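> Based on these hints, arrange chain B on the given structure of chain A.
Protein chains: 2
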Amino acid sequence: MSELARLETPALLVDRVKLEANWRRLSQHIASLGCTLRLHVKTAKSLELTRSLHGSAAAPIAVSTLKEAEAFAAGGYRDILYAVAIAPKKLERAAALARSGVRLTVVLDSLELARAVAGSALPVLIEIDSDGHRAGVRPDDARLVAIAAEIARGGATVAGVMTHAGASYDCRGIEAIRSMARRERDAVVHAAKRLREAGHAAPVVSVGSTPTATFIDDLSGVTEVRAGVFVFQDLVMAGLEVCATDDIALSVLASVIGHQRDKGWAITDAGWMALSRDRGTARQPLDQGYGMVCDAAGRPLEDLIVSETNQEHGIVAHRSGDPRRLPELPVGTLLRILPNHACATAAQFERYHVLEPGGQIERTWERVSGW
Amino acid sequence: MSELARLETPALLVDRVKLEANWRRLSQHIASLGCTLRLHVKTAKSLELTRSLHGSAAAPIAVSTLKEAEAFAAGGYRDILYAVAIAPKKLERAAALARSGVRLTVVLDSLELARAVAGSALPVLIEIDSDGHRAGVRPDDARLVAIAAEIARGGATVAGVMTHAGASYDCRGIEAIRSMARRERDAVVHAAKRLREAGHAAPVVSVGSTPTATFIDDLSGVTEVRAGVFVFQDLVMAGLEVCATDDIALSVLASVIGHQRDKGWAITDAGWMALSRDRGTARQPLDQGYGMVCDAAGRPLEDLIVSETNQEHGIVAHRSGDPRRLPELPVGTLLRILPNHACATAAQFERYHVLEPGGQIERTWERVSGW
Chain A
0 MSELARLETP ALLVDRVKLE ANWRRLSQHI ASLGCTLRLH VKTAKSLELT
50 RSLHGSAAAP IAVSTLKEAE AFAAGGYRDI LYAVAIAPKK LERAAALARS
100 GVRLTVVLDS LELARAVAGS ALPVLIEIDS DGHRAGVRPD DARLVAIAAE
150 IARGGATVAG VMTHAGASYD CRGIEAIRSM ARRERDAVVH AAKRLREAGH
200 AAPVVSVGST PTATFIDDLS GVTEVRAGVF VFQDLVMAGL EVCATDDIAL
250 SVLASVIGHQ RDKGWAITDA GWMALSRDRG TARQPLDQGY GMVCDAAGRP
300 LEDLIVSETN QEHGIVAHRS GDPRRLPELP VGTLLRILPN HACATAAQFE
350 RYHVLEPGGQ IERTWERVSG W
Chain B
0 MSELARLETP ALLVDRVKLE ANWRRLSQHI ASLGCTLRLH VKTAKSLELT
50 RSLHGSAAAP IAVSTLKEAE AFAAGGYRDI LYAVAIAPKK LERAAALARS
100 GVRLTVVLDS LELARAVAGS ALPVLIEIDS DGHRAGVRPD DARLVAIAAE
150 IARGGATVAG VMTHAGASYD CRGIEAIRSM ARRERDAVVH AAKRLREAGH
200 AAPVVSVGST PTATFIDDLS GVTEVRAGVF VFQDLVMAGL EVCATDDIAL
250 SVLASVIGHQ RDKGWAITDA GWMALSRDRG TARQPLDQGY GMVCDAAGRP
300 LEDLIVSETN QEHGIVAHRS GDPRRLPELP VGTLLRILPN HACATAAQFE
350 RYHVLEPGGQ IERTWERVSG W
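Heads up: the sequence lines are chains A and B, in that order.
Heads up: the first sequence is residues 0 to 370, going by numbering that gives the first Met the number 0.
Heads up: the second sequence is residues 0 to 370, going by numbering that gives the first Met the number 0.
Next comes chain A alone, as it looks inside the complex:
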């Protein structure tokens, strides 16, 4: 614990043993289904962390911003999918990255953007809507083939199709997630078939979300799976049975700074600025507040959660609200808070402190932020 005592609080910790176990588990699962795992680096947003998993920069990655693409390209990555439909004003920046030798694949789902990429020679994936929750053309939509024709006419490459079944976050139970995963797969496989019938090679068939990637049992017709959250896991994933609470590799180190003992509150210096405002478990059967509270060794303090936050204050209370059930937790006590949503909590910090197997902290891994 003396290692943790040296850190300023709040601080972001990543447990390297858990991180690597999470990475291995999903990598092996996807490999066993004959597919490539394209790590989505939007969660960790760290070149050093990502290279620690890949061992080299030869692996394919997905990014959520061009800033990530540029940072990972500078770190040697050469196969990068920018997995958000590209705003027209970003095309020049994307083209510059492509000219530097990166295979940068872009995504779109409209005729307007298909016209906008004309002349860019970028590989393009058409986004498919497999679950109704966000972007994409439906697999049977007549526009799919029209968009592909427009891309080809402009000189860009119809590289294939991609989808993200984000609705898997709202599934209840493993079977529901698996069923969503099959729907996700079937949507893109069908869309790719339509493109091939229309004369496009469309070699790439890309799916992905951490829940669907975890429970899919057959990826026939799919070439790659994108996922990001799984490297850390989080309380939303635990609520979905995607992981156990003990698999969560990310936590926020906080100090107790006061109490309201008659209310059963310990107050910490990790407010929403550290934990984020994400309340992803609020719509799950077990609402974890702003996070589950562990001791400094990472052992959950039974039924303590962060019940409320201000900017730089977190209120720790027993889940029951019973003031008598708050343990002592003197001022200065170090706690570790497990996050609702790893992407959102990690985004509040500039770097990770890497917790080694023996509890030492020997290095930090920097994060990319901004756009």
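Simulated from the structure, these hints should not be mistaken for lab results.
None of the values given here were measured: they were computed from a predicted structure.
The reader is advised that the hints may include incorrect statements.
Copies of the same chain are indistinguishable here, so a pair counts whether it falls within one copy or spans any two.
To be verified - Listed below are the simulated EDC-like cross-link pairs for lysine to aspartate or glutamate, each with C-alpha atoms no more than 20 Å apart in a straight line:
1. K192 / D286
2. K66 / E365
3. K66 / D302
4. K192 / D140
5. K66 / E349
6. K192 / D217
7. K88 / E355
8. K262 / D128
9. K88 / E19
10. K66 / E47
11. K192 / D130
12. K192 / D128
13. K66 / E7
14. K88 / D140
15. K88 / E7
16. K192 / E223
17. K192 / D139
18. K88 / D294
Chain B alone, transformed into the frame defined by chain A:
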């Protein structure tokens, strides 16, 4: 608009005319009540922005982190209140700042911390709980005098008392806020009186929140008011009648990247990573989703809100949900999103782009982040 078209999206904009008008309005109000305004820089977290309002670094400020204190001290500020109870492990860093010539005042509300500051010679404010929502000792609590005695015994200075009526955010109507403001004032004035009766000079009597500062009509016995959000204002403040929507100086510039026209959705590149996960208006009579949508000139697009967000996607829809009421908004259209909570949205960015009265953008103001 050509100025905005040159920015990458999402980008954070601050309208300098509105910023300065907000600053003037509250400064004059507090001055008219015979009090000092101690700007809380936790909202804007920008030395350049703050100096543009103050004209010099001679003004008093409040900070929410030692990182802010250090950044503002480096920029010349010398009267800094660190307005969060200080974790024991932060005392050495605070003392170092004080040794550099800054009058750094710290806050605490426990005997444990009163003992921890012994030997530091720091000025200390005792935090008073005026509204039951967070930290502080109640004004009548016997511990108040015991804490002051402990501070004095250790050689630190009992500089006075402070409180923050954060519960004002949950008030309905101006009269309710004004009543909360009086309660906030009365709590610290009473606490200061008790400290003086016990032999402490306790010269500082500090209150503050943007709602209470806006509507308080008598600050007798109070020496300073802390507020931060008012410089930008936001939709939560508009919902509280603290400001008009048109006063909001902060917005996020976004690009339309696609549509689901049958659902009445325009999809933008400003998701929760740009807007934050703050849903502060969800508990107000008018829920603004993840933000109110304006055109690029800042004019509200009647009844369009950001109804849902993913990490890098925002879904813009008509408040009614009626798909026919979404205007055209072609791909590439620039929109400006007004935030629920200025502190949370601004924290997602590294800098402000400063919108000048003529619509030009000639400079950026950097933000401080981290701890």
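> The structure should be examined with respect to each hint, and the outcome stated for every one.
Now the hints, each set against the structure:
1. K192 / D286: neither (42 Å within a copy, 43 Å between copies)
2. K66 / E365: both (14 Å within a copy, 18 Å between copies)
3. K66 / D302: Neither way: K66 and D302 sit 39 Å apart in one copy and 32 Å across, limit 20 Å.
4. K192 / D140: Within. Shortest intra-copy distance 13 Å satisfies the 20 Å Cα cut-off; inter-copy 74 Å does not.
5. K66 / E349: both (15 Å within a copy, 13 Å between copies)
6. K192 / D217: Within one copy only: 17 Å inside, 73 Å across.
7. K88 / E355: neither (43 Å within a copy, 23 Å between copies)
8. K262 / D128: between (48 Å within a copy, 13 Å between copies)
9. K88 / E19: neither (38 Å within a copy, 31 Å between copies)
10. K66 / E47: Classified as within; 16 Å inside a copy, 25 Å across copies.
11. K192 / D130: within (19 Å within a copy, 63 Å between copies)
12. K192 / D128: within (15 Å within a copy, 65 Å between copies)
13. K66 / E7: between (28 Å within a copy, 11 Å between copies)
14. K88 / D140: neither (27 Å within a copy, 60 Å between copies)
15. K88 / E7: The answer is between: 8 Å across copies meets 20 Å, while 40 Å in one copy does not.
16. K192 / E223: within (16 Å within a copy, 69 Å between copies)
17. K192 / D139: This pair counts as within: shortest intra-copy Cα distance 11 Å, inter-copy 75 Å.
18. K88 / D294: between (47 Å within a copy, 17 Å between copies)
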